[in-house]
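Counting in the working numbering, the sequence shown runs from 15 upward without gaps.
If you are wondering where the hints come from, they were derived from the structure by calculation, not from laboratory data.
Idealized CB from N, CA, C, for every residue including glycine.
Honestly, I wouldn't trust all of these hints.
Have a look at the derived ranges for each label pair, beta carbon to beta carbon [as the list claims (entries may be wrong)]: (1) 213 x 85: 18 to 24 Å; (2) 307 x 333: 31 to 37 Å; (3) 188 x 291: 49 to 55 Å; (4) 333 x 264: 57 to 63 Å.
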Amino acid sequence: MTSYPRRIVALAALATLPAVAMALVLLWSGDFSGRLQWTATLVMSLAAGIGLALLHERVVRPLQTVSNLLSAMREGDFSHRARQSNPEDDLGLLYLEANALAEMLRGQRLGAMEATALLRTVMTEIDAAVFTFDDQGTLVLVNRGGERLLDESAERLVGRHAAALGLEDCLGGDTPRVLDQRGSYANRWELRRSSFRRDGRAHTLVLLTDVSRALQAEEREAWQRLIRVLSHEINNSLTPIRSFAGSLQHAVDRGPRTPQGDADLREGLAVIAQRADALGRFIAAYARLARLPRPVLRPVRVEEWVGRVVALESGARLVVGAGPDVTVVADADQLDQLLINLVRNAADASAETGGAVRVDWVLRSNELELTVEDDGKGIADAANLFVPFFTTKPGGSGIGLALSRRIAEAHAGTLTLANRRDGPGCRAVLSLPIALTARDAEATMRSGAHRAVRALSFLLLTGSLS
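Go ahead and model the full structure; you've got the sequences and the hints to work with.
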């Protein structure tokens with residue numbers, strides 16, 4: 015097949031052939047000498063040949079320039095540029111666009127290289143193990159965190175199957191989830207997994223984050239805060255007991271009994287008994303909070319549950335919204351205690367301002383969202399709301415909200431309390447799953463109990479309780 019430049023030259027020759035033929039006919043049919051005729055014929059032939067050669071060069075050279083430029087870009091070399099890129103000329107406009115494309119691809123390549131370098135730096139420096147597996151489960155990429163986790167270099171890890179590395183479980187199952195390796199609390203890893211495609215093949219990215227240290231620090235801080243509250247309350251009772259016991263001992267050692275001395279003895283003993291009772295109630299409240307029984311699950315109609323609790327608060331202005339007719343699977347007694355605490359706190363807050371308490375509930379997907387709002391003054395210290403034994407009410411035990419949150423968590427739910435944005439007062443939001451199984455409740459209770467035991471053991475071993 016004839017090439018494109020030759021076809022262009024052939025078309026140009028055909029276009030000029032009639033004119034050349036006419037000139038030759040006139041030349042050879044006229045009254046001219048033979049020498050002139052041959053000379054003119056030779057000159058016209060040379061001129062036509064030179065013209066066609068120049069035309070061939072003008073066609074081939076731009077095509078070669080554009081071809082070389084595109085070939086360089088295909089090979090990843092974006093440094094070549096086409097000259098004579100005049101925007102007023104059609105060919106120059108083609109050169110200009112090709113140069114602009116090369117410059118754009120060069121910028122994109124530099125950006126990709128910088129992003130790749132940044133990604134490699136981040137993967138190297140992050141305190142997490144990152145693994146990339148191909149569609150056959152073979153490891154193709156690992157960072158320093160993964161090397162430390164498996165205690166081998168990347169050169170020895172890459173190319174091995176996930177099963178040989180002990181990471182086969184990471185390629186399946188739910189995500190995110192927490193893995194307990196070898197049953198040790200010091201080896202708890204949060205697994206996150208995602209998929210992507212590279213070179214047309216599916217790949218799996220596995221991220222393992224060590225959460226044991228963060229959990230230990232969080233639990234230790236929570237237990238230290240709780241211990242400070244316990245120490246403060248116990249010392250508040252032991253200090254007057256110790257003082258009155260010393261005074262009574264001094265009165266006994268002074269000598270014979272007198273009516274005034276007997277009155278002082280009775281007063282001192284009454285104070286000691288009062289503080290002992292208070293300390294006993296405090297310890298009982300703590301035991302109640304620490305030993306929350308496992309929920310006994312059965313269907314509970316939300317409307318009946320709310321109505322039953324609201325009927326107990328006769329002294330407050332209570333407004334109950336018209337929520338949907340929904341039934342949850344939960345422990346009715348524990349839910350009563352939870353809602354009683356929320357409604358009572360809201361009623362006490364609204365009593366100071368003469369406001370009302372509103373109870374509403376809605377259904378969001380598979381969760382019940384129950385809201386208790388008050389028209390009180392709001393929360394002044396939101397940081398300690400759920401700290402056990404912290405209270406701002408005179409005579410309060412400080413376990414109501416903490417116990418309520420424990421009950422919500424035992425039902426795989428959440429409880430939050432914050433100031434309202436649409437006006438004065440607070441809003442408590444309780445979220446509960448509609449369908450809760452006994453296994454879910456048991457797992458939640460066991461998880462909370464295990465965390466408490468581990469944190470307390472850690473404090474005892476490190477001497478933080480001394």
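A quick look at each hint next to the structure:
Roughly 22 Å separates the CB atoms of residue 213 and residue 85, a value that falls within the hinted 18 to 24 Å. The hinted window of 31 to 37 Å between residue 307 and residue 333 holds, with their beta carbons roughly 32 Å apart. Checked against the hint of 49 to 55 Å, the C-beta distance between residue 188 and residue 291 comes to roughly 50 Å, which is consistent with it. Checked against the given bound of 57 to 63 Å, the beta carbons of residue 333 and residue 264, roughly 60 Å apart, stay inside it.
Hint check: no violations occur; every hint is consistent with the structure.
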